[in-house]
Amino acid sequence: MRATKRKFIAVASATLVAVSGTISLNSASAAITPSFCPRFTGTLTVLSTVILEKPDGLVEQEIADKFMKACPKTKIKFIGVPANDLVTKLTAMAIGGNVPDMYASDAVNTVKMQALGIPLELRTALGQDYIDGFAKENVGEMTIGGKIYSAPWFSIPTAILYRTDLFAKAGVKPPKTFEEFITVCKALTKDTDGDGKIDQYGWAMVGTDNGSGQGRFNTIARNMGAVDVGKDSSGKWVTQIDSPGWKAALKLYKDAVDVGCVPPGQFQTGYPEASVQIGKGQAAMMITGPHTIGVALTANPAAKGKLAGAPIPSVSGVPATTSLNQSGYAIARKSTHRAAAIAYLKFLLNKENQLRINDVTYRIPSRLDAQADPQVNSEMSLGFVKAGEGKVFSNPQIPWYNSIATLSSPAYQAAIKGDKTIDQIAKEQAEKARKVIADNG
Amino acid sequence: MTSRREEILSSMSLFQHAKFSSGGNMKSAFKKRESRSGYFFTLPTLLIVFSLIIYPLGYAIFISTQKTNLISEWEFVGARYYTELLTDAEFLNSLKISLTFAFFVVVGNFVVGLLLAVILNQNLKFATSFKIILMLPWLLPEVVVALIWKWLFNPTYGLINYILNTIGLIDSDVSWFDSSTSALSGVIFVAIWKGYPIVMIMMLAGMKNIPAERYEAAAIDGATRIKQFRHITLPGLRPIFLVTCILETAWWFKHFTVIWLMTSGGPAGATKVVSIDIYQQAFGNFNFGKAAAESVIILSILLSASYFYSRAIRDDNE
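These protein sequence lines are chains A and B, in that order. Its first residue numbered 994, the first sequence is counted upward by one per residue in the working numbering. Its first residue numbered 8, the second sequence is counted upward by one per residue in the working numbering.
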């Protein structure tokens, strides 16, 4: 009996110790789990374009790792997709009914996905106070009919990225007109080591037949006074693809190649190749956003402090125009992990993480608190910040915009090849654009 | 002997007939049971054929009559896309490029494959090692092949320009894919490099099946090696040649990967084969109906081609 009693006391004491231990452990873990962590236990799937880029992807992974360390119950799994293939991949996923919990979304993609009923409305999900913390122009591009379908993460306003050292050596300044652009481009093209071969070119032209080339060309065309599609005074969709401005943009591409100030193989020079050419000093300027600074420095760290931005020239009577080219994240309406997605989104967009991605990649944060930080206006990215503060062109919010945007790349390739006249090319592409408008507009 | 066997079989048949004719119901019950089990045994194959071939084909034809985003928009447009396509200069040009590409690749594969098969059939030393080395391009994934050649042809850091520069054949970097002709020739060259091994192996297998006695008899009759090749090897390879031709034509006519990765259909559409056009219609313009209509047209072309090939094979066998 006594033995049984002793045994009972021993078991009871052990149980008490174990229970109290568990309680103290639980309370300890509750104390160290930050309040922003979701209750969700499982994996959040995120479709990202940034994750594939270097150094940008390393920062995104670093932020996700920080989140997972703070909230160990939630795992984040990235699906990488090249930015130029985002719409294709996402459309295929939407058709297959397997859209991830969160997906990268730019302004064009936001419209497309909203038309398919894919994204969650974020004004309600994030709260108006939180929405007020975004820069207005950023959130505006993600808003359709007063509803917000993507949370902007950063913008990369298009401007001229140039090598200050090479410009100084050549004794030229960033061009203010398109005539100057060609003159400067020629002045920067030279044989620097005297072996009889050109080894430095003026313009790292992105001449590939993809979104990277199309976006850059369309920005130049806008600064020449032509939009690919827009509404006229009566509210009808019209194209200016056969206007003098668009033709002038085609001529600029052709002239630059003809005078030999573009590195050979421009049709195979995509965004990554052109960024490396700038980093390594094989080319002195490029039409691009501030994110190229990070890529160029990865290719050649010695270029640090030798890069700067300047606005793209514009023709007389047309204000210098840029595009924000922003990207953010949307949450799938059908995601069963909404709360976790919202928690991660807010973590990604906190000031510390916004400044972290800006520090490494020079992408301009979308949140007002981060934008106000002096770090954002660093010497190398200041030109891009200024460009973004000027006239910003936002693509029209039409799900079929991609069908128009893609008309530019075969056009500039044909203009460079020279098999057809610029007038012929512009006429043919304008006819296609008008057909797209007639079919959809 | 044969007549005795026939007699036995005939008497058995008479016996069976007598047995069952005494009960007509029994016979029909047996036949029904037999036909049911026949259906039962063919059902798995029918299901597989239906779900993997008939349904997707039928669905593609259905989509080709719709203006659709495959999710929320479905509007019947009938044969509109077909009529549009058959008068669309750009689509017809893509078809022309596909035909040119497929023609040169198939011919190139046959020339290179046959030549190498003849060499390998000579009982050379290390023939097995050569076979393995020559098969390597076929074993490499198309993506890898396209990227390797893209880098080799790159004007600024490609090995081809570097070598030509070093040996003094060129004095400035050549942009290999900047003109229509060179871009198309480039992708044809890479496709031949990737595709000749399968033709080589098929031809080699065919050559091994030609009886050696024919060559011996021809040699005794004084036929030269070239005459032997023309009058024994080539006719002996004809059935394999035709089958390989069907497979190769269908494969390269709808080819996508190598061209897309090397030129994306450029410059300015010079290498835009019809499969790239289909992809861009579907995932660039999100016009899935038109893309499906293009696919159905390609299917019809390839079906017609394979019909003529198979007739040629049948005539050959007869």
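Hints were generated in silico from the structure; no laboratory data involved. There's no promise every hint is true.
[Claimed, not checked] Straight line, CA to CA, 25 Å or less: simulated BS3-like cross-link-like pairs of lysine-lysine:
id, chain 1, residue 1, chain 2, residue 2
1, B, Lys234, A, Lys1410
2, B, Lys215, A, Lys1410
3, B, Lys132, B, Lys157
4, B, Lys157, A, Lys1047
[Said to hold, decoys possible] Not close to chain B: a few residues of chain A, all C-beta gaps over 12 Å, as computed:
id, residue
5, Lys1105
6, Glu1173
7, Val1269
8, Asn1395
For each residue, glycine too, the CB sits at the ideal point set by N, CA and C.
Right, here's what the structure says about each hint:
Among the hinted pairs, B:Lys234 with A:Lys1410 is inconsistent with the structure: their alpha-carbon atoms are about 48 Å apart, more than 25 Å. Restraint check for B:Lys215 and A:Lys1410: the C-alpha separation of about 50 Å exceeds 25 Å, so the hint is violated. At roughly 34 Å between alpha-carbon atoms, B:Lys132 and B:Lys157 are farther apart than 25 Å, so this suggested pair is violated. Between B:Lys157 and A:Lys1047 the CA atoms are separated by roughly 22 Å; this keeps the pair inside 25 Å, and the hint holds.
Some Cβ of chain B comes within 12 Å of the Cβ of A:Lys1105; the nearest lies about 8 Å off, and the non-interface call is violated. The Cβ of A:Glu1173 lies farther than 12 Å from every Cβ of chain B, with a closest approach of about 26 Å, so its non-interface assignment holds. Annotated as non-interface, A:Val1269 brings its C-beta within 12 Å of a C-beta of chain B; the closest such distance is 10 Å. Separation of A:Asn1395 from chain B is inadequate, the least Cβ-Cβ distance of about 6 Å not exceeding the 12 Å criterion.
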